[in-house]
Every structure is written in structure tokens, then in C-alpha cells.
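Student: To convert, take the position in the sequence shown, counting from 1, and add 45; that gives the numbering used here.
Wrong hints could be hidden among the right ones.
[What the hints assert, rightly or not] Mimicking BS3-like on lysine-lysine, the simulated pairs with C-alpha atoms at most 30 Å apart in a straight line are:
#, residue 1, residue 2
1, Lys110, Lys97
2, Lys81, Lys197
3, Lys53, Lys331
4, Lys299, Lys323
I should point out that these hints are in silico values taken from the structure, not numbers from a laboratory.
Please read these numbers as outputs of a predicted model, since none were measured by experiment.
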Amino acid sequence: MRYNINKKGYYGEFGGAYIPEMLYPNVEDLRQKYLKVMAEPEFQKEFKALLKDYVGRPSPLYFAKRLSEKYQTKIYLKREDLNHTGAHKINNTIGQILMAQRLGKKRIIAETGAGQHGVATATVCALMGLECIVYMGEIDMARQAPNVARMKMLGATVIPAVSGSKTLKDATNEAIRDWINNPVDTHYIIGSVVGPHPYPDMVARFQSIVSEEIKWQLHEQEGRENPDYVIACVGGGSNAAGAYYHFLEDTKVKLIAVEAAGKGVNSGESAATSALGKIGIIHGSKTLLMQTTDGQITEPYSISAGLDYPGVGPMHAHLFKSGRAEFIAITDDDAMEAGLELSQLEGIIPAIETAHALAIFKEKTFKPDDIVVVSLSGRGDKDLSTYSDYFNL
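Given only the sequences and the hints, what does the whole structure look like? Please build it.
Tutor: Structural data, given as C-alpha cells:
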């Protein structure tokens, strides 16, 4: 069975491009050109040079000794938190800004939830001298204020989304509206493996540097390329897509996707799409989506601003439906405890999104000789006020 995208832009039954007519020329232009552009030696050379000299890649694959001792297994952390801007998001924005330049676009728009993608987009726009507009839910702007300040300092215009739940879904709606109104000069840098084809595949390819590095780094440290498990948190799912990419077709490598259960999967305040979702269309692709019986999108909830998306990228919907990946939902409380535990065992404060992935070790037992790689997708600076309030620090 194939786990990568097919020629029509589908992962199994999920994917495609369900878009308004106004966007068709823009999306079709990108679809026809993205693979050719990415294959150009000059593009690859520029992309790799920026990842090395600007982002600081390769990011380390760190053996977490004290965490491993506690859970009696070999735990490696892929340190995406050490990238410039503090998360995996920059891998994709570097790729997409180079793509936008080659497509002749002068204006960049983006959506953001936790703010990391917004910061990464504002960063590359400053680097390349392009106009940047970031849409962000009003609630997310309040809980991720440091990232709003960073975006503004980098020269971006941050526009609050004040409809619906005032979070990521609504910011995405506003960005798509902008794109419909400005189709000619604007490139929309989508921050996750969501949206119409070719976005899920393009973002996954830019993020695949993560699993590419894991393979050679693990070979250096353990004498083998493949871990037993790769674990990542999933909202839309770009850090997971990058961490899984080069292992997708090797079923000996088990994949675990960790979603946000919020206050409990069945509490009515959750973002556990695999448990609660049904097939639907959101933001241009067919995927699993939390919705009411009459097809209205359910408002998701998570303490983490980056995981409260009501759907999941089509790659992950396919990995779930086919059984290739195991999906586990982690509550706010368990994620917060796991974030504190990593801080105090390893001296690394993770983003709350990442803390969901780390909570897996309380849920699942691994063998002593299992090699478990966790995508440490982001650092926790942006979440300090949430941690502080939660633990009364």
C-alpha cells in the first residue's frame, strides 16, 4: 500500500483540491510547477544553504538519558526547537518563500495558531524583502502575545480573526478570503500539511528534511538508520509529516501520532480528530473533520494553540484510516505534566504542542531496547505564561 500522495493529489481517499473558481489559476499554476521548481539544482542549492547557514540545520538528534532511564527505553529527541525561530515551521517557510519568488509573487499571506508559523513566515519575508500579512485568531493573539510582538518587529502586519472560535480555523478562513481577493500577486504560505493539493505534499516535502536527518544521525549513534518508533504531535500535522516522511513505506518503523484530547475526548472540549472526525471538506481538501450531524464544523479546543484545529491533514487521515499510524489523544493535564517533566529531567522546556507527544510515555510501554524518536517540534518560550498559570510558578 502507498502512503505517499498519488498523481491526482490524494492519499488514499483523502486530499484533492476543493477550491473556489477564483483560486483555480493560482493553485493550478503552483501544482504544475512545484515539483519542477523543487527539482532545480539552483533551488536545492539555495534551499540547503539557507537551512544550514540561516536556520542552523542539521538539528541535533539528542539521546535523552534521564528520560530514557525513567521510562526504561531509548528515547531520542529530534531537536527542531533549536532551529532559528524555535520550531520546525521555518523549514517550510524557507522552501515556500523561494517558491513564491520563482512564481513571481510579491505579497505573502499566512495563517497562524500558536504563532510559530506566523513568526517563521514574517522571518523569511524580512529576509527576502517581501510584504507579509499574517491572520491570527483573536484568542490566539492573546495567549501567544510574545509571538505577535515578534511578527510585528519583523515587519509583518498581523490581522485578528474575530469570527467563529477566533482561533486557527478562523484565521485560515480569513487568509483564504484574502487570497481570493488578491489572486495575482499573492502567495499563500500554508503552515501545515492541509489545504488544497499541492500544499499537503509540498509542505511535507519541505519538512522531510527532519526524517532525512534522523536516518543518518541514528546511523551515526546506533549503527542503524531506522528507529522502532517515530512519535510526533499532530494538529494539521506538518512536524509529524516531516518526521515520518522517509519512513512511510517501511512498515517496520511504527508511527505514533499524538492529538489533543483537551479536557477529554468525549468532553465536548477536544481536538482529537481521529476519534471524533468524519469525512468532510475543510480549507480545500477532503479529510477527517470534527463536525455535527448536519455537517457544521465543531469548534475544537486544546490548551495548546497549535493543536486546536478541527481537522487533520489528508496524509494523516490516510495513515489513520489505513492503520499505518497509531493515533493517541492526550489531555491538557497530561500534556502539561509531560512538559514539566522534560524541563526538570532534561533541562529542555518544550512547546505545549510537543508536550502532548512526550506524554505518550505514560500511556504506552516500550521495550528496553526499542529506539523511540520523538519530534521535539518547538520550544516553550511562547508558552511560559500558560505553564506559569497552570503550575502557579
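Student: Could you run down the list of hints and mark each one as holding or not?
Tutor: Taking the hints in turn, this is what the structure says about them:
1. Lys110 <-> Lys97: With Cα atoms ~27 Å apart, Lys110 and Lys97 stay inside 30 Å; holds.
2. Lys81 <-> Lys197: Violated - the C-alpha atoms of Lys197 and Lys81 are around 34 Å apart, more than 30 Å.
3. Lys53 <-> Lys331: holds, 13 Å
4. Lys299 <-> Lys323: holds, 24 Å
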